Structures are given as structure tokens and as C-alpha cells.
Amino acid sequence: MSAQLAAYSTSTGEAFQFWVLGSVALIGALCTVFMKKAVHSALCLAGTMIVLAVFYLANGAYFLGIVQIVVYTGAIMMLFLFVVMLVGVTAADSLKETIKGQRWLALVSGLGFGILLLAGIGNASLTEFDGLGQANANGNVQGIAALLFTKYVFAFEITGALLITAAVGAMVLTHRERTERAKTQRELAEQRVREGKHLPPLPAPGVYARHNAVDIAGLLPDGTPSELTVSKTLRERGQIRDVSTEALNDLRALEQRAEERLERTEVVPATFRRTEEASK
Amino acid sequence: MNPVNYLYLAALLFTIGATGVLIRRNAIVVFMCIELMLNACNLAFVVFSRMHGNLDGQIIAFFTMVVAAAEVVVGLAIIVSLFRSRHSASVDDASLMKL
Amino acid sequence: MENLIALLIAAPLLGAAVLLVGGRRLDAVGHWIGTVLAAASFAVGVVLFTDLLGRSAQDRTLTQHLYSWIPVEGFQADVAFRLDQLSMTFVLLITGVGSLIHLYSIGYMEHDERRRRFFGYLNLFLAAMLLLVLADNYLLLYVGWEGVGLASYLLIGFWQHKPSAATAAKKAFLVNRVGDMGLSIAIMLMFTTFGTFAFGPVLGSQEHPGLAGDATGGKLTAIALMLLLAACGKSAQVPLQSWLGDAMEGPTPVSALIHAATMVTAGVYLIVRSAAIFNGSPDAQLVVTVVGAVTLLFGAIVGCAKDDIKKALAGSTMSQIGYMVLAAGLGPIGYVFAIMHLVTHGFFKAGLFLGAGSVMHGMNDEVDMRKYGGLRKYMPVTFATFSLGYLAIIGFPGLSGFFSKDKIIEAAFAKGGTEGWILGGAALLGAAVTAFYMTRVMLMTFFGEKRWQPDEHGHEPHPHESPRSMTIPMIVLAFGSVFAGGLFSIGDRFLNWLEPVTGHAEGDSPLSPMAVTLITTALLVVGVALAYAQYGRRPVPVVAPRGSLLTRAARRDLYQDDFNHVVLVRGGEHLTRSLVYVDHTLVDGVVNGTAASVGGLSGRLRRLQNGFARSYAVSMFGGAALLVAATLLMRAV
Chain R
1 MSAQLAAYST STGEAFQFWV LGSVALIGAL CTVFMKKAVH SALCLAGTMI VLAVFYLANG
61 AYFLGIVQIV VYTGAIMMLF LFVVMLVGVT AADSLKETIK GQRWLALVSG LGFGILLLAG
121 IGNASLTEFD GLGQANANGN VQGIAALLFT KYVFAFEITG ALLITAAVGA MVLTHRERTE
181 RAKTQRELAE QRVREGKHLP PLPAPGVYAR HNAVDIAGLL PDGTPSELTV SKTLRERGQI
241 RDVSTEALND LRALEQRAEE RLERTEVVPA TFRRTEEASK
Chain Z
1 MNPVNYLYLA ALLFTIGATG VLIRRNAIVV FMCIELMLNA CNLAFVVFSR MHGNLDGQII
61 AFFTMVVAAA EVVVGLAIIV SLFRSRHSAS VDDASLMKL
Chain A
1 MENLIALLIA APLLGAAVLL VGGRRLDAVG HWIGTVLAAA SFAVGVVLFT DLLGRSAQDR
61 TLTQHLYSWI PVEGFQADVA FRLDQLSMTF VLLITGVGSL IHLYSIGYME HDERRRRFFG
121 YLNLFLAAML LLVLADNYLL LYVGWEGVGL ASYLLIGFWQ HKPSAATAAK KAFLVNRVGD
181 MGLSIAIMLM FTTFGTFAFG PVLGSQEHPG LAGDATGGKL TAIALMLLLA ACGKSAQVPL
241 QSWLGDAMEG PTPVSALIHA ATMVTAGVYL IVRSAAIFNG SPDAQLVVTV VGAVTLLFGA
301 IVGCAKDDIK KALAGSTMSQ IGYMVLAAGL GPIGYVFAIM HLVTHGFFKA GLFLGAGSVM
361 HGMNDEVDMR KYGGLRKYMP VTFATFSLGY LAIIGFPGLS GFFSKDKIIE AAFAKGGTEG
421 WILGGAALLG AAVTAFYMTR VMLMTFFGEK RWQPDEHGHE PHPHESPRSM TIPMIVLAFG
481 SVFAGGLFSI GDRFLNWLEP VTGHAEGDSP LSPMAVTLIT TALLVVGVAL AYAQYGRRPV
541 PVVAPRGSLL TRAARRDLYQ DDFNHVVLVR GGEHLTRSLV YVDHTLVDGV VNGTAASVGG
601 LSGRLRRLQN GFARSYAVSM FGGAALLVAA TLLMRAV
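Protein chains in written order, with UniProt numbering: chain R, 1 to 280; chain Z, 1 to 99; chain A, 1 to 637.
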């Protein structure tokens, strides 16, 4: 990239780049706000950040551009994704507002603020751009380093302290003290025997192997699904897939076809229904 | 093209981020919106740096990034511990701050 | 010698403390403790008096600084005493008459099981009264002033089981309070005007005129009028006279000591002591003389109609103090004579009251003179002493009252101009009426048929002479009544004694002293003759006749209580009611309205605090938007 890039007059290429990538950034920002799932929001935000990194590079901030990609998009957004994963990937938020008037107030003040900000920038008559040609003459990284370790060295040291504090703080916040000794396998087994419930291991999930099948409850002899067969985590997230009705209906149809083929008379005509529907 | 357009873009991104903070209830998304606002500011700093022809703006943006990293670490830790105790990541659930 | 002054007060104060704190175990000797300590105080007074006599006239002011009471920058109140000729006169009167009445009370209160307490109160009164006359500044005087008020209240209501006594005590206390308010306001005015209230700086001396001489007329008049209000309250002068008649509910020695001889003269003392202030304000002096003249006639008229012997004497007291106030209002012409009449009055009025007490003592506590009659045979000593007192008070030539009252009448005429004639005329008329009502008392009590009747328990009274502890004080006081006036007047002894303190001026009387004396004596004879015609020659009806309009009015104390009730009580009630109404509607309305509106507003504003962080964030963001708008607006402007 030439020093020309950072000068006042922008090339046609940069203008083209701005309009295309600027639209992408805006769309990404809007999607961040309005996507229902946190994962999607995070991905859109990552996109916006990458666009911003490109803009940094276009504005002569080569070091920041790289840092933006490596630290922000690479590290921080991944941290976000980790947390999203911890908290629950699929739990989609409802976008329905619960606080009365909150949405209107937010939109009105947002709109007003934006208009005022734009008007302020428009009023400021910012037409004189010096360009970074001279500042970046010895290389951008060298320039930043020279400033960072002379003029801003104290601030730099203090941010170092801040980072350490934050790391310790995060550890303190998320650390949970274990108040009792973890039970050994033997003790767990003895406890199971003492309680007398589920002496054998829990039953396996259903085995209609359409996909990973771990979230499909196994069926009891009367055809109802047993929640015990599904992992506790999935149960709490409400992610059990109940395929018992259609599976049983399929089975019924299969049996019926077999009967027809064997020319036997029909024994049970009714189709199965879900237990709760039947009880209604 | 006048580079001042970058500033307009930064203003728009900032406003979108701020509105998102106000509208969304999921703490993680709120946090991401805050990051968006910080990034918009960084863009403005970088453009200002170009405008004035010195690197101080970039230095400030750099510091913003560092502080944002620290903030994310602590903020996410708070969200995780909040989720642990309330089984929810909604900011509205933490509403004991009233009379 | 100065150090003895505190002892004067300390002795009775110690007595009061011992008797009131000591409790029942002192019941047997309590009255002797009280009497001995009163006599001790008198003895100290005599020692100091001889010391003063040994000094030159200009050197007779002793001061004793005991300690700094309120040592505040710019507000110095000391416990300091001043003994000069004026104080000395009072000290001797108070402790002398006081000791005699203590002695008398031993016999009079013999059957009262609360006698020890009575003597405690009497000693308390002596201490407070001495503090009043010995104080070297107005604030300390105020302490004594309140102290005698308290003692008076306690002693009037001594028989508090009688509702009438309790009510009378309360009435005296309340009416006195009005006067006390005047004194406190006067002290405050003094402090703001002069910056001090000590006698020395304010009143000055013969050589050095005090601050009072420099004050402007309006402020001085205000101070003087407030002092006069105080004097009216304590000395039962119009318009604060209503309590004295009811105060006769107290035991008779109390009436003699407090409500005849000493305490009620405190107002006269205050006016004479503050002579420097009154001299600077002729307007205030005029008011003083008017008050004195009106009270003089008021008391005399009331005294003519009362059948209760003590109330008749109370009217007389009021009237005689009216003379003193009148004299004090005349300025340097009259100060000395006011005090002289005060002292002689102290003797003969105390003697008369003690005589009345002696009569009551012999008559089963009967007070209605219509049920006496012909007692001279049964109580010869009482009759003799009472007669001497009677002759003294009506101004029989040669006796005490003659000298002192005559001087006051002369001084009133000497005031000059129309005022002089009016005041002098009032004083002359008062002298005639005095002769009338005192002769009436005399005739109804000691002469005529015996009219006594069995009381409600059927006990026939057996009039008898009182024990010696009661007759001795009466005899001593009778001597005073006879000789004091002559002793004081011949050679102008009293005038020379007191002049360095009060100052003296001779007025130019339109009448010669001889003429005044002759007129007074003539009027005296007329008064006595009228009374004899009505009560001596005809039998006195046991049941009071309806009487003329004036008699009926006088029996009701010239409607003083009705006036007070209508004007003050009703007026006060109406004022209070309207104030309560204003308070409830306006003040409470404003206060409650403000509170309610603030409460309502808070209730609505409270909803903003919903606890949702996002809500707070909206307000923050909105605020930021407003801030940006303001910034842009300022730039645009």
C-alpha cells in the first residue's frame, strides 16, 4: 500500500471500497442488533469488525488493522462465542418488549441522537485532511511504538496493570469454591444402591437413527416416550425430540401392509395418538 | 470522496450499537452492541488521526482496544456467574435495583 | 462589713432549705428554727445599719460581689449585692416585721399539722424578698422578684385543700405573671439600649449620671412603662389589682407579711430604685401618678363595702400602696415620702392584719364582720393594738400615718398645675374614705352588740385573748405605728437618710403645709363621723342589706373580675379560637398540601425507578442526546 492511500485525496478505488464495505458494515451492525440468536449476532458483529479492520488499513492505521483482526475478531469474538456456547446456543431470544414504552423511547432517542451526531459532523466543515504520509514515513508500527514507549508509556503501563486486574477479576468471579469432597465412583454406586432407585444404569435413548438420536427419547412398552433416556442437559433445555407418534404410526402402517400381504384380517384399526392428545 | 464519510459511518454504527443496548435483553447481545459502539469510536479516532496527520489518534484507539479486552473479560465473567445463579442471561432479570 | 450582706439572705435561705428538705423529723422544732433564723437575719441587718450610721452620707453604699453568674462576653450578670440607704430601710422592715410575724405564726399556726412547711415557705419568702431589695442588677432582682412570686403562690395556696385557696393562689400567680413579663421585657430593653442591666452603670449615682440620663425619650419611656407594668402586677395596682383580694385566702400572718407589709411594696421599691429612668420620662411619671391615684380610690371604695375583715383590709392595702405609687410618680418631690409611707404602712398594716388574725383566732376563724361586734371586752390587747393601728392609718395627728400621708398629699399638690390639683384632690378624698372604712371596720368589730352565732357544727364561739406569742408582735408593731412617723419626720431624719439615694426636691405647693394638714384633718373627722352615723349609732344588721348601686359594685370589687372575664378571658378565647381556625385551615392546609403534593409527585416519579438497567440506560442515552443538542445549539448561537 502506498502512502498515497492515507493522503487527503482518496482514490476512486478507496471510494468504491468504502461504499461497498460501508454498506456491509452497516448491515452487519443492524443484524447484530436484530438477529434473534446470539450466535448469529456474534457472527454479524465479527463481519462488521473485519470490515472495520479493512477501513483501518485504508486510513493508514496498518498496525491497528492487523490488531483488529487478530485481537478483536480473533480473540474477543471467540470469547463471546465461548460464552454463548456456555449459556446456550439455541435459546433464541424473543424480541418482544416487556418494559412499557422502552422500545419507543429507545428508537426516538437513538434516532434523535443519530441525527444530531450526523448534523454535528456535517456542521463541522471537516474538509482539511493532512494525511498520514509524513507520520508513517518510518513505518506505521515504528511510529506507534515511538509514541507508545515515550509519550504514552505511563498509560501503557497502567493498561498493563488493568489487564492483569481484569484477568484476576474474571478468575475470582467465575471460580467456584468446592465446599465438599467430590464423591468417588464407588461412593456413587453405594448411594444408588442405598436409595434403591435406578439400580441399573439409566436406559439408553431411542434408536431411530435418523440423526444423532441422542435427543430422541426411548419408548416404553406402551409406546409413550421416557424422558429418563435423554441426557439431563437436553431435558433442561427442552430439546427432546418426540418422534414416538409418527414412529408408531409408521410401524402400524408397516404391520398393516404385512397383514395385507399375508391376507390376514385386520385386528386393530385405530391409529396411535400421542398420550396427551388422547387424554384431552 | 471526502474521508469525512468515514465519520458518518462511525456515527451511524455508534447509534445502532446504542439503540441495540437499549432494545436487546440478552446480556451477551447487549455486550456485543457495546463492542460495536467501541469499534465505531475507534474508527472515528483512526479517521481523526488521518485528518490531523499524526499518530496520537491511533494510540488512543489502541488503548481503547486494550481496555475493551479487559472489559470483555470481566463482563463475560459477570454474565457467566449471573447465568449460573439465575439460569438466565436476560438483563431484565437482574432488576432488584428499585425501591 | 460588706461580707455580711450575703449573710442576710443566707440565713432565711438556709432555714427554708433545712425546713423543706428536713421532713417530718423537724416538725417539733421547725417553727423555732425558722423564727431564729429570721431573727438572725434581722440582727445582721441591725449590725449593718449601725455600721452605715457610722459612715458619712456619701459613703453609705456597700457592695458585695459574690461570684460571676453568667460570664458571657458582652453579657455580664453577677451575683452582687448593693446595700445603700434604700436597701437598708427595706432590709430592716422585711427582717423586723418578718421576725415578728414568724413569732406570731408560732401561736397562730399552732394547730396546723403542716406548720413546719409554713415556716419553710416564710423563710423562703424572706430570702427572696431580701434578694430582691439587695440585688445589684436587674437580672438578680428579677430572680428575687420571681422568688417572692413563688413564695406568695405557695403561701396563698397553703390551705390547698380549700378550692378557693387553690384558685386564689393560681389567680395571684397568673396575674403576677403579666407583671413579670413587663419586668423581663424592661430588662431586655435595658440590655439592648444600654448594653447592661447593672444598677451602677444604668442608674449612675449622685455625682455620675448613669446611662439612663443619655437615653432617648421613647426608649426610656418604654422601659419605664414596662417597669410600671411589673410594679402594677406585684403591688396590685390597677389594672393588675384583681389578685390581692383573693389572696386573703392565705393564712393571716401571710396576709400581714406578704400582702400588706412587704411583698406588695416591691413595686414601689422598683419605681423608686429606678428613679433615674423615671426622672428622664415625664410621660411615664404621669402614667405612674394616674395609676396610683386611680388605685388609691379604687381600693378605698372596695374597702368600704367588704364585710370580710381581711378583704376590707386588703382594699385598704391597695389604697395605701396607691398613695405610695402616686408619691413615687411625682418624682424627686415624692420618692422619700413614698418610702416613708411604705415603712409606716408596713408597721400599722401588719399590726392591723395581726389584730384581724387574732380576732379570727378567737372567733373560730369567722371573717364576717357582721358576726363580730362588741369584742373589745373579750380581747383587750387586740383591741388596744388594733385601735392604735387604726388611728395610725387614718392619719390621726401625731401618729405615723399622719406624718407620712400628709407629706404625700402635700407633694401631690406640689406637682403643680391642674395635675397637682387633681392628684391632690384624689389623695384628699382617699384620706376621707380611708377614715370612713377604717372606722367602719373598727365599729363593726369591737363595738356595738355582740352578733356572733354558732358555726355550722353548732359550736358557739368563745372569744378570748390570743396567746402571748401572738400579742407580743402586735404590741411591738403598735409601738411602731405610733412612733415611727414622728421618729422619721421630726428633724427630717428620714429625708436626710434617704436623700443621697433617691434625691429630693421641694415642690412649690399652692397650699401651705399647714393648710393641707388642716384640710386633711377636717376630712378625717368627716369620714369618721359618717361612719359613726351609719355603724355606731344604729345596730349593724347581721345579714348585709342590699345597699346602693355603688355598694353592690364595690362588694364585687367594682366588677374587676367581670371585666377581666369579659375582656381578657372571652377575648382570649375568641382570639385562640380564631388562631386555631387559621392554624387548622391555613397553616395546616399549606403544610399538608405541600406534603401531599410532594408525596403525590414522588409516587409518580417513583415509577421511573423500575429497577431495569435498560430503562436507566434510556434516560442516560436521552440525556446524552440532549447534551449534544445543547452543544450544537450553543455553537449555532
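Don't take each hint at face value.
A short list of chain R residues far from chain A (calculated; beta carbon distances all over 10 Å) [said to hold, decoys possible]:
hint	residue
1	12
2	15
3	75
4	99
5	109
6	123
7	133
8	151
9	153
10	156
11	161
12	173
13	183
14	193
15	229
Computed Cβ-Cβ distance ranges for the label pairs, DEER-style [what the hints assert, rightly or not]:
hint	chain 1	residue 1	chain 2	residue 2	range
16	R	233	A	627	45 to 55 Å
17	Z	95	R	123	19 to 29 Å
18	Z	95	R	236	45 to 55 Å
19	A	624	R	201	54 to 64 Å
20	R	156	A	594	50 to 60 Å
21	Z	95	R	192	38 to 48 Å
22	A	605	R	124	47 to 57 Å
23	A	624	Z	95	15 to 25 Å
24	A	624	R	26	17 to 27 Å
25	R	27	A	634	32 to 42 Å
26	Z	95	R	223	39 to 49 Å
27	R	203	Z	95	33 to 43 Å
Read the hints as simulated data drawn from the structure, not as lab findings. Owing to the predicted nature of the structure, the values given are computational and were not obtained by experimental measurement. The beta carbon of each residue, even a glycine, is placed where N, CA and C say it ideally should be.
Against the structure, the hints:
1. 12: holds, 33 Å
2. 15: holds, 28 Å
3. 75: Per Cβ check, residue 75 (chain R) is outside 10 Å of chain A; nearest 27 Å; holds.
4. 99: Nearest chain A Cβ is 6 Å from residue 99 (chain R), so the label is violated.
5. 109: violated, 4 Å
6. 123: At roughly 7 Å from the nearest Cβ of chain A, residue 123 (chain R) sits no farther out than 10 Å, so the non-interface label is violated.
7. 133: At about 32 Å from chain A, residue 133 (chain R) clears the 10 Å cut-off, so the statement holds.
8. 151: Check passes; 29 Å lies beyond 10 Å.
9. 153: holds, 33 Å
10. 156: At roughly 29 Å from the nearest Cβ of chain A, residue 156 (chain R) sits farther out than 10 Å, so the non-interface label holds.
11. 161: Since the minimum Cβ distance to chain A is about 28 Å, residue 161 (chain R) lies beyond 10 Å and the statement holds.
12. 173: About 18 Å separates residue 173 (chain R) from the closest Cβ of chain A, which puts it past 10 Å; holds.
13. 183: holds, 40 Å
14. 193: Its Cβ never comes within 10 Å of chain A, the nearest being 49 Å, so this holds.
15. 229: With a cut-off of 10 Å, residue 229 (chain R) remains clear of chain A, as the shortest Cβ separation is near 41 Å.
16. R:233 with A:627: 45 to 55 Å: The hint (45 to 55 Å, Cβ to Cβ) holds, given that residue 233 (chain R) and residue 627 (chain A) are roughly 48 Å apart.
17. Z:95 with R:123: 19 to 29 Å: Violated, since residue 95 (chain Z) and residue 123 (chain R) (Cβ atoms, about 40 Å apart) do not stay within the stated range.
18. Z:95 with R:236: 45 to 55 Å: violated, 24 Å
19. A:624 with R:201: 54 to 64 Å: Distance hint for residue 624 (chain A), residue 201 (chain R) holds at roughly 59 Å.
20. R:156 with A:594: 50 to 60 Å: For residue 594 (chain A) against residue 156 (chain R), whose Cβ atoms are near 57 Å apart, the range 50 to 60 Å holds.
21. Z:95 with R:192: 38 to 48 Å: holds, 41 Å
22. A:605 with R:124: 47 to 57 Å: Distance hint for residue 605 (chain A), residue 124 (chain R) is violated at roughly 38 Å.
23. A:624 with Z:95: 15 to 25 Å: holds, 23 Å
24. A:624 with R:26: 17 to 27 Å: holds, 21 Å
25. R:27 with A:634: 32 to 42 Å: About 36 Å separates the Cβ atoms of residue 27 (chain R) and residue 634 (chain A), which means 32 to 42 Å holds.
26. Z:95 with R:223: 39 to 49 Å: holds, 45 Å
27. R:203 with Z:95: 33 to 43 Å: Given range 33 to 43 Å: holds, Cβ gap about 42 Å.
Hint violations for this structure: numbers 4, 5, 6, 17, 18, 22, all remaining hints satisfied.
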